[in-house]
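Trainee: Taken in order, these protein sequences are the chains called A and B.
Sequence positions in the first sequence follow my numbering and run 247 to 357.
Sequence positions in the second sequence follow my numbering and run 27 to 140.
Derived by calculation from the structure, the hints in this document are not laboratory data.
All figures in this text were calculated on a predicted structure; none of them were measured in a lab.
Warning: the hint list may mix true and false statements.
Each computed DSSO-like pair below joins lysine-lysine, with the alpha-carbon atoms no more than 27 angstroms apart [claimed, not checked]:
#1 B/K35 / A/K344
#2 A/K302 / A/K323
#3 A/K344 / B/K109
#4 A/K295 / A/K306
#5 B/K40 / B/K109
#6 A/K298 / B/K109
#7 A/K306 / A/K323
#8 A/K344 / B/K83
#9 B/K96 / B/K83
#10 A/K295 / A/K314
#11 A/K295 / A/K323
#12 B/K83 / B/K97
#13 B/K96 / B/K35
#14 B/K40 / A/K344
Chain B residues, not near chain A, derived (Cβ > 12 angstroms throughout) [said to hold, decoys possible]:
#15 K35
#16 K40
#17 Q43
#18 D64
#19 Q67
#20 R70
#21 Q76
#22 R94
#23 T105
Backbone N, C-alpha and C define an ideal beta-carbon position, used for all residues, glycine too.
Below, each chain spelled out in residue letters.
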Amino acid sequence: GDSVTQMEGPVTLSEEAFLTINCTYTATGYPSLFWYVQYPGEGLQLLLKATKADDKGSNKGFEATYRKETTSFHLEKGSVQVSDSAVYFCALMSSASKIIFGSGTRLSIRP
Amino acid sequence: DGGITQSPKYLFRKEGQNVTLSCEQNLNHDAMYWYRQDPGQGLRLIYYSQIVNDFQKGDIAEGYSVSREKKESFPLTVTSAQKNPTAFYLCASSIQGAGQETQYFGPGTRLLVL
């Protein structure tokens, strides 16, 4: 069945460092791909999405490019801030129109 | 403001007790979902509803029940048959059709067993 695999955390970086969180997927066809973010004690918020191959989703300085050749959707940010500390979930929309989430990656940013 | 509300924020359950988690949305969304989140794990789908008076089991429906009598409400009951209910429960909603992949989440309810 469809699945999402993302790098295990926690990831700890210093402020202004470059961020990459890896995400790969297994699915039938070309599903829509997403990154959701969960701040402490809150529900999830959609961060960005891409609906077809080579699309780049971007928001709040974060970017991810839909790579069908490598079935990947890695999250990147050039300069992280303390306020970016959260749990990040990679996800896809399955052929059954359900969202399949990865296990989440906890990101901590040191001042 | 439009959004999804969940109550209570924390809920305690005694052995053998049924408890109900509330989820209300004023976004006029047709579809609503319940997820369970365990530490270090992703979200797992419990139940979902695409329209009033209709709902389907997700991946981990055993020990849970839902109802969808109104468009804006989708309560989840954790029954005594659920042997390991301690988790963070998240409710979400979305439109149907184009754009349904964007789900809007509530703030969650943390359920603890006494």
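Trainee: Hints first: check each against the structure and report whether it holds.
Mentor: Results of checking the hints against the structure:
Restraint check for B/K35 and A/K344: satisfied, since their Cα atoms lie roughly 26 angstroms apart, inside the 27 angstroms limit. At most 27 angstroms may separate the alpha-carbon atoms for a hinted pair to count; A/K302 and A/K323 meet this at roughly 13 angstroms. For a cut-off of 27 angstroms, the pair hint linking A/K344 to B/K109 stands: about 26 angstroms separates their Cα positions. A C-alpha spacing of about 13 angstroms is found between A/K295 and A/K306, which places the hinted pair at or below 27 angstroms, so the restraint holds.
Taken as a hint, the B/K40 and B/K109 pair is honoured in the structure, with Cα atoms around 11 angstroms apart against an allowance of 27 angstroms. Proximity of A/K298 to B/K109 is assessed by CA-CA distance (about 41 angstroms); at most 27 angstroms being required, the pair is judged violated. At roughly 9 angstroms between alpha-carbon atoms, A/K306 and A/K323 fall within 27 angstroms of each other, so this suggested pair holds. A C-alpha spacing of about 12 angstroms is found between A/K344 and B/K83, which places the hinted pair at or below 27 angstroms, so the restraint holds.
A threshold of 27 angstroms between alpha carbons decides the hint, and for B/K96 with B/K83 the separation of about 18 angstroms falls inside it, so the pair holds. Our distance criterion of 27 angstroms between C-alpha atoms is met by A/K295 and A/K314, whose separation comes to about 15 angstroms. Between A/K295 and A/K323 the CA atoms are separated by roughly 15 angstroms; this keeps the pair inside 27 angstroms, and the hint holds. Simply put, B/K83 and B/K97 have alpha-carbon atoms about 18 angstroms apart, close enough for the 27 angstroms limit, and the pair holds.
In summary, the hint linking B/K96 to B/K35 is supported, as the alpha carbons are separated by about 22 angstroms, within the 27 angstroms threshold. A distance of roughly 33 angstroms separates the Cα atoms of B/K40 and A/K344; the hinted pair therefore is violated under the 27 angstroms criterion. At roughly 9 angstroms from the closest C-beta of chain A, the C-beta of B/K35 falls inside 12 angstroms, breaking its exclusion from the interface. At roughly 25 angstroms, the least C-beta separation between B/K40 and chain A is larger than 12 angstroms, which holds for a residue marked as non-interface.
With 12 angstroms as the threshold on Cβ separation, the claim that B/Q43 sits away from chain A holds: the shortest Cβ distance comes to roughly 25 angstroms. With a closest Cβ-Cβ approach of about 10 angstroms to chain A, B/D64 is found to fall inside the 12 angstroms limit, against its non-interface label. For B/Q67, the requirement that its beta carbon stay farther than 12 angstroms from each beta carbon of chain A is not met, with the minimum near 6 angstroms. For B/R70, the non-interface assignment is contradicted: its Cβ lies about 8 angstroms from the closest Cβ of chain A, within the 12 angstroms cut-off.
Not every CB of chain A lies more than 12 angstroms from the CB of B/Q76, the least distance being 9 angstroms, so the non-interface label is violated. Every Cβ of chain A is farther than 12 angstroms from the Cβ of B/R94; the closest lies at roughly 17 angstroms, confirming the non-interface assignment. The claim that B/T105 lies off the interface holds: its Cβ sits roughly 23 angstroms from the closest Cβ of chain A, which is beyond the 12 angstroms cut-off.
Consistency note: the structure conflicts with the earlier hints numbered 6, 14, 15, 18, 19, 20 and 21.
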